[in-house]
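One letter stands for each residue in the lines below.
Number of protein chains: 2
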Amino acid sequence: MPKGCKYGTHRVIEPKGVLPQPAWKIDNTMEIYDNEILIDVHTLNIDSASFTQIEQETGGDEGKIAQKMLEIVSQRGKHHNPVTGSGGMLVGTVREIGKDLQGKIDLKVGDKIATLVSLSLTPLVINRIKEIRKEIDQVDIDGQAILFESGIYAKLPDDMPETLALAVLDVAGAPAQTAKLVKPGDTVFIIGAGGKSGMLCLHEAKKRAGVTGKVIGMGHSEASCKRILELGLADVMIQGSATEPVDVLKKVEEVTDGELADITINCVNIPNTEMASILATKDKGLVYFFSMATSFTAAALGAEGIGKDVTMIIGNGYTKGHAEISLNVLRENPKLREVFEKLYA
Amino acid sequence: MPKGCKYGTHRVIEPKGVLPQPAWKIDNTMEIYDNEILIDVHTLNIDSASFTQIEQETGGDEGKIAQKMLEIVSQRGKHHNPVTGSGGMLVGTVREIGKDLQGKIDLKVGDKIATLVSLSLTPLVINRIKEIRKEIDQVDIDGQAILFESGIYAKLPDDMPETLALAVLDVAGAPAQTAKLVKPGDTVFIIGAGGKSGMLCLHEAKKRAGVTGKVIGMGHSEASCKRILELGLADVMIQGSATEPVDVLKKVEEVTDGELADITINCVNIPNTEMASILATKDKGLVYFFSMATSFTAAALGAEGIGKDVTMIIGNGYTKGHAEISLNVLRENPKLREVFEKLYA
Ligand SMILES: NC(=O)c1ccc[n+]([C@@H]2O[C@H](COP(=O)([O-])OP(=O)(O)OC[C@H]3O[C@@H](n4cnc5c(N)ncnc54)[C@H](OP(=O)(O)O)[C@@H]3O)[C@@H](O)[C@H]2O)c1
Ligand SMILES: NC(=O)c1ccc[n+]([C@@H]2O[C@H](COP(=O)([O-])OP(=O)(O)OC[C@H]3O[C@@H](n4cnc5c(N)ncnc54)[C@H](OP(=O)(O)O)[C@@H]3O)[C@@H](O)[C@H]2O)c1
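Sequence lines, in order, name chains D and C. In terms of full-length UniProt numbering, the first sequence opens at residue 1 and continues consecutively. In terms of full-length UniProt numbering, the second sequence opens at residue 1 and continues consecutively.
A couple of the hints might just be wrong.
Said to hold, decoys possible - In silico EDC-like pairs for lysine to aspartate or glutamate, Cα to Cα no more than 16 Å straight-line:
| # | chain 1 | residue 1 | chain 2 | residue 2 |
| --- | --- | --- | --- | --- |
| 1 | C | 104 | C | 34 |
| 2 | D | 155 | D | 27 |
| 3 | C | 180 | D | 309 |
| 4 | C | 207 | C | 235 |
| 5 | C | 320 | D | 309 |
| 6 | D | 108 | D | 40 |
| 7 | C | 16 | D | 283 |
| 8 | C | 6 | C | 149 |
| 9 | D | 16 | C | 283 |
| 10 | C | 16 | D | 247 |
| 11 | D | 6 | C | 235 |
| 12 | D | 320 | C | 309 |
| 13 | D | 180 | C | 309 |
| 14 | C | 130 | C | 62 |
| 15 | C | 6 | D | 247 |
| 16 | D | 320 | C | 283 |
| 17 | C | 320 | D | 40 |
| 18 | D | 16 | C | 247 |
To be verified - Not close to chain D: a few residues of chain C, all C-beta gaps over 10 Å, as computed:
| # | residue |
| --- | --- |
| 19 | 9 |
| 20 | 99 |
| 21 | 270 |
What the hints contain is simulated information worked out from the structure, not anything from laboratory work. Quick reminder that beta carbons are idealized off the backbone N, C-alpha and C, glycines included.
Just chain D, same shape as in the assembly (with noise of 0.2 Å):
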């Protein structure tokens, strides 16, 4: 097969001229390009937003997200869900290595990697679905799926199960971006802090932060707000749905002493929370959309409306080691590794 574009263009059949990930339909023939890997997929993990989405379509039934994920990747030859815009990510073994990028690349025939590109651009066939985890939204699958010359992808470490690395790398971008934003003394306010990426964006700001700065995390159940505050991961806890936004002002009122913060991440799984974001950020604060659920234009407006002048950030899945500083959180805090072990792995 000859060499195709660095970013999969060529296998965009529509519309025409639009990258892989926009497109509404792409080629998943199994069969290479030169510069292209071939993977043997072993499990999907399915975007929180996406897999959140479908379990509400199909009122949960396994049988029905079976189908309904076929459908997704008969249709459009990549699991792209039409409904949220997402995609998730996927671990597997590397089976065939495109003839330019042989030699060019730390991968062999055989590698077991995670593709940190999303799910949303990624050539995929599903053979055959084998077991749906439910509570992690991971799937396991009979499969194959093709990365890009310009795709990322992660080599599995050897240090801990697969299922675990794959629930930390799915969510990479965000503790990294973290890592990246918070300075020390700043109060930031997490909310979705009890989810998966919640968790590990607590540890970096905290660890960011330092002593003369302030986590606050929000988690919506009771339970997540135990485990974290058991862990230690925030100085405190706001318990609440971020869908109602003036009671989550009044809360992070309440634990700034009016102040609110000066950095705000926004974890989430679900729609409708860019106005507690926003409220619950200082003038001239920044807030981290990493939520696959927000809305460009609530946001955007939102801010406007209420004449707030906070910059707000889109959640981009990638910023340069995303891979080894989240899977680093796990072997700096044991405990939260333990934490994940029993949740995720």
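We have chain D already, so just place chain C with the ligands on it with the hints.
Showing chain C with the ligands alone in chain D's frame:
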């Protein structure tokens, strides 16, 4: 009437507990609470993305545009386009000031103001549509609107016509943010450079990037490219479509010796331009999305999908001093003012 919530939650009809912007429907009864302001509306400046959508849906027929606008307001109590999620702004005369605000704000009955909060959260009643100026997305009406206590506004300046000020204030956030983000020596790439916000951003970018910087504009039509070069607003102009990312990348590479842009500012009024913005920006660079047609997931997953470490900012319509900064662009640049007068006044 009693005192309402400063953010206007007392007017939210459904869903309960949210703010007026994300609300589906708000109460547009034109009797004010003690901390609200009643405005007699002269002109609506419909957000460009919203107006373009309505024009397309109605085939551009003026009667049908009017009907669609009335329908939106009667359904939602505000001019909140259900497809684009965006609003616009308005100009009117202060009719009544709630008693809690009297003497506390710099407004009196009879003052002419532009509201600087989105129409997507402003209680509005349209009694009659008087004139639709399709080329500039402005609609004269007989109607009334309400401003909440947290709502921001600008008194109309007396050194320029009302429609001109309105056109500038509508997009005030963009040049003000450009002024804050661009540093001397930066290579700045502005997509949708020929539009209202685009031209204002070009002026600020050139001023801030200085002689050591480089300002590259991208226009869609030949006319707008020519106009910008004549105005001396950009160092280089690229003509093309921002929906074709690979083509845009090639052109930006050419004019930057492969270095790409430090900052890309997206001012288009159409969807599917996220990838062009991301591809044109260098690693560690910054993408500022002012366009309301931006999709959060397309940006987040698109950047991740090609492993690009860029910071992506959601264009907050408000930033401190934005009205002053944007109106001042026209005072600083008489040639640009002439063009604005011809096009938008
Ligand atoms: N930007 C990117 O590149 C990228 C990449 C991967 C994932 N994501 C997104 O990141 C988000 C989080 O992912 P995750 O895997 O960390 O999710 P997760 O483990 O499922 O955690 C979600 C958290 O949201 C909380 N939550 C749910 N409803 C809430 C409410 N009404 N108020 C406050 N909190 C609420 C839950 O709290 P309780 O535990 O207390 O119930 C839970 O802890 C998702 O939206 C996902 O799509 C983004
Ligand atoms: N974030 C906020 O708070 C906020 C507030 C107000 C407005 N906005 C948004 O800002 C955006 C711009 O508003 P505006 O009033 O400046 O719009 P505008 O005057 O209508 O300009 C839009 C520009 O987009 C260009 N364009 C159209 N299709 C294109 C394509 N395929 N490739 C490249 N360029 C293309 C047009 O180029 P030509 O002139 O060459 O045809 C035009 O110059 C809109 O999306 C609006 O919704 C945001």
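Tested hints:
no., hint, verdict
1, 104/C with 34/C, "holds, 13 Å"
2, 155/D with 27/D, "violated, 26 Å"
3, 180/C with 309/D, "holds, 12 Å"
4, 207/C with 235/C, "holds, 12 Å"
5, 320/C with 309/D, "holds, 6 Å"
6, 108/D with 40/D, "holds, 13 Å"
7, 16/C with 283/D, "violated, 26 Å"
8, 6/C with 149/C, "holds, 5 Å"
9, 16/D with 283/C, "violated, 26 Å"
10, 16/C with 247/D, "holds, 12 Å"
11, 6/D with 235/C, "violated, 30 Å"
12, 320/D with 309/C, "holds, 6 Å"
13, 180/D with 309/C, "holds, 12 Å"
14, 130/C with 62/C, "holds, 11 Å"
15, 6/C with 247/D, "holds, 14 Å"
16, 320/D with 283/C, "holds, 9 Å"
17, 320/C with 40/D, "violated, 53 Å"
18, 16/D with 247/C, "holds, 12 Å"
19, 9, "violated, 6 Å"
20, 99, "holds, 22 Å"
21, 270, "holds, 13 Å"
In summary, the structure is inconsistent with hints 2, 7, 9, 11, 17 and 19 from the numbered list given earlier, while agreeing with the others.
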